[in-house]
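If you're matching them up, the sequences are chains A and B in order. Using this note's numbering, you'd call the opening residue of the first sequence number 20 and step up by one each time. Using this note's numbering, you'd call the opening residue of the second sequence number 20 and step up by one each time.
Since the hints were derived computationally from the structure, they do not count as laboratory data. Take these hints with a grain of salt, some might be off.
Intra- or inter-copy, both count: the list cannot distinguish identical chains.
Derived lysine to any residue pairs resembling SDA-like cross-links, with alpha carbons at most 25 Å apart [as the list claims (entries may be wrong)]:
1. Lys-72 with Ser-23
2. Lys-340 with Met-63
3. Lys-157 with Ala-176
4. Lys-182 with Ala-233
5. Lys-157 with Asn-253
6. Lys-117 with Phe-316
7. Lys-242 with Gly-127
8. Lys-117 with Lys-157
9. Lys-408 with Trp-295
10. Lys-157 with Arg-202
11. Lys-117 with Ala-136
12. Lys-340 with Gly-62
13. Lys-157 with Gly-127
14. Lys-242 with Glu-102
15. Lys-157 with Gln-175
16. Lys-106 with His-243
17. Lys-117 with Ala-266
18. Lys-117 with Ala-355
19. Lys-106 with Lys-242
20. Lys-363 with Ala-266
21. Lys-117 with Lys-239
22. Lys-183 with Ala-128
23. Lys-363 with Gly-321
2 protein chains.
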Amino acid sequence: MTISSFMPPVRTLMGPGPSDVHPRILAALARPTLGHLDPLFVGMMDELKQLLKYAFNTENELTLPISAPGSAGMEACFVNLVEPGDKVVVCVNGVFGKRMCENVTRIGATAVTVDCAWGQPVDLAQVETVLEQHRDAKILAFVHAETSTGALSDAQALCALAKKYECLTIVDAVTSLGGVELRVDDWGIDAIYSGSQKCLSCTPGLSPVSFSDAAVAAIKARKHPVQSWFLDMNLILGYWGEGGKRAYHHTAPVNALYGLHESLVMLQEEGLENAWQRHAAMHASLAAGLEALGVHFVVDAGSRLPQLNSVYIPDGVDDAKVRQYLLAEHNLEIGAGLGDFAGKVWRIGLMGYSARSENITLLLTALAEAMTQQGYVCSAEDALAAAIK
Amino acid sequence: MTISSFMPPVRTLMGPGPSDVHPRILAALARPTLGHLDPLFVGMMDELKQLLKYAFNTENELTLPISAPGSAGMEACFVNLVEPGDKVVVCVNGVFGKRMCENVTRIGATAVTVDCAWGQPVDLAQVETVLEQHRDAKILAFVHAETSTGALSDAQALCALAKKYECLTIVDAVTSLGGVELRVDDWGIDAIYSGSQKCLSCTPGLSPVSFSDAAVAAIKARKHPVQSWFLDMNLILGYWGEGGKRAYHHTAPVNALYGLHESLVMLQEEGLENAWQRHAAMHASLAAGLEALGVHFVVDAGSRLPQLNSVYIPDGVDDAKVRQYLLAEHNLEIGAGLGDFAGKVWRIGLMGYSARSENITLLLTALAEAMTQQGYVCSAEDALAAAIK
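Just need the whole structure built from these sequences, with the hints factored in.
What follows is the structure, encoded as structure tokens:
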């Protein structure tokens, strides 16, 4: 066995994440490693918290990145807020709602599901009916932007419903943060988690989270210890807390945090609302181009995620062959369908640094070429003309 | 609020980890991000598994990096092998043995502790007495290299004891992997976890783990689901398993894995046994230099970790002032004492890329200077002369 250094090619990442990582962020990852208790590193952590508060639109003190991917951020929210025996209403309109249920049951709590159609936003009336039937529910959990389908749910209205029925909220913002409007404080979200590798355009591996005062109070009032030592927010707070003694908990992923810091500095430079607008504008361009190719959207225009475009694979076009062609001939990655959508749908990401016109031009050109090879009739020129409009 | 890019200085890291990261590894972190299901990335994952098997001296199929720091690797071993109601014998001779107990109790299992003196290896006779008293114990857990004290325990003998009493073993190798002899298969270790940021000299954030066939069988025979979704090895195996369908579980920390791959390629180039010998030789040099400064070791020579040197702070020398001076004047980090050793002990790391003679020269020179400033009488020249021997 002799294994050499790994030299990856440069891909264009237009799948469901990771998205294209800006060269500034890659450069940040390679900066000299500091100790995780170094005063300069601790200062960087304070900036990171400020930047995350900006991105989440929150003043929540307990706002920080979990040292693991979005799935661990999900687990952090559930294991800290849910206790054995609790009842949690979980809205399921895709893969990630289902994963939330897994988290609930592994705590020894009960998940009451609100099953909604894939590709649709969570249905408010259905949720209210279930909350009405389960007055003892403690938490309402839902996915803001379903990465498996491309549907955006009305987080503001869902949080208002939760408050009406005296539930705390747990919100999955893995794909929404930085890509669409998201206002943690104004909407009254209690616990939220995201991922570094979607609209923040950082490398994968970190999960920003934020907890409201009500969530923190619930964590402090727990009857059972948090089942995870690694994800226990009481302990994590000892390391990340303001003015605290920076008690050692675990060794922070120093260089990965440099990358997240840089990605958030770039978000601040662009302006959060400008980033939302850029995603919307790029989506409009891509959508016009795809429709010109005869490729149609899974999700209705009113609840479509600009950053994740789920489209039906046209009849007679081979899913795997197209994706392999794009990768082999154009170094271009798009996403396959997940769960119920496997083999039927492509997921085309326009997240963060991927949401730019060069990528749209490449995608439309390459996709038209790949489909034409399979006898599908379409015109890249028409698509590009439509996209420019 | 306007926050700028973070530009860390270049430090020399001689604390308990993170250790100095080789420029080749920093460069690897900045390579272009691939999708986590990209065939080229999957190929890199297969190499990573092979390289980890080499580092652990194992043929265990279930050998891979957990996508989170060493504490999560610890939790992965415990939540997969321990079920509610189980009895686990935990050897405690420092901070990390205590943390193991926390993991056991949060599962709803019972931890029977073998309390040993800090700075000493785990006492075999004590362990046998406890195993004799608790014939229903399912697992023996211990720390191979206690990062909080610098003591090395006899993992081979402890595993033999465990087998005699029909226990599985969980071994903390966070600080030992790559720094001292470690033979997972020959010694009969069932579950082991390590960290990327110690003797592998990679950045922090990943935890290599390995499970024996007996451990895998125990995981498959569980009566209760694993309480953590993120750390459930049954699910993780679906993504990392050979010849499997590479089922999506969570998004792998792509660039961090490039770094780990590069660090293991470098370990393979040097040769594992050569790396152990380098750590031993550098330790001998440092130890001679420190003794010449009148700085004495906490741990007896026979069970000292070469890669983590715990030494008593000489009388009249201020702990914090010395560490601040080293950092401010020499960009040199050493570690403070942890737990019972806070304020009494320094921890000087010689891990991975930090274990080289330039670092020893810097440490001895800078430490002599810092202590002299406080009226302590010592000679850097004598220390350097002793170190060269």
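Hint by hint, here is what the structure shows:
1. Lys-72 with Ser-23: between (42 Å within a copy, 16 Å between copies)
2. Lys-340 with Met-63: Only across copies: Lys-340 and Met-63 sit 23 Å apart there, 45 Å inside one copy, limit 25 Å.
3. Lys-157 with Ala-176: The answer is within: 18 Å in one copy meets 25 Å, while 50 Å across copies does not.
4. Lys-182 with Ala-233: Within one copy only: 12 Å inside, 49 Å across.
5. Lys-157 with Asn-253: Within one copy only: 20 Å inside a chain, 30 Å across chains, cut-off 25 Å.
6. Lys-117 with Phe-316: For Lys-117 and Phe-316, only the intra-copy Cα distance (23 Å) is at most 25 Å; the inter-copy one is 54 Å.
7. Lys-242 with Gly-127: both (14 Å within a copy, 14 Å between copies)
8. Lys-117 with Lys-157: Intra 18 Å, inter 33 Å, cutoff 25 Å: intra-copy only.
9. Lys-408 with Trp-295: Classified as within: same-chain Cα gap 19 Å, cross-chain 64 Å, threshold 25 Å.
10. Lys-157 with Arg-202: Within one copy, since 22 Å is at most 25 Å while 49 Å is not.
11. Lys-117 with Ala-136: within (13 Å within a copy, 48 Å between copies)
12. Lys-340 with Gly-62: For Lys-340 and Gly-62, the Cα distance is within 25 Å only across copies (20 Å; inside one copy 49 Å).
13. Lys-157 with Gly-127: both (14 Å within a copy, 23 Å between copies)
14. Lys-242 with Glu-102: Answer is both; intra-copy 8 Å and inter-copy 21 Å each pass.
15. Lys-157 with Gln-175: Close inside one copy (18 Å), not across copies (49 Å); limit 25 Å.
16. Lys-106 with His-243: Answer is both: 15 Å inside a copy and 20 Å across each meet the 25 Å cutoff.
17. Lys-117 with Ala-266: between (36 Å within a copy, 16 Å between copies)
18. Lys-117 with Ala-355: within (19 Å within a copy, 45 Å between copies)
19. Lys-106 with Lys-242: both (15 Å within a copy, 23 Å between copies)
20. Lys-363 with Ala-266: between (50 Å within a copy, 18 Å between copies)
21. Lys-117 with Lys-239: between (27 Å within a copy, 23 Å between copies)
22. Lys-183 with Ala-128: Within one copy, since 22 Å is at most 25 Å while 39 Å is not.
23. Lys-363 with Gly-321: Within. Shortest intra-copy distance 22 Å satisfies the 25 Å Cα cut-off; inter-copy 64 Å does not.
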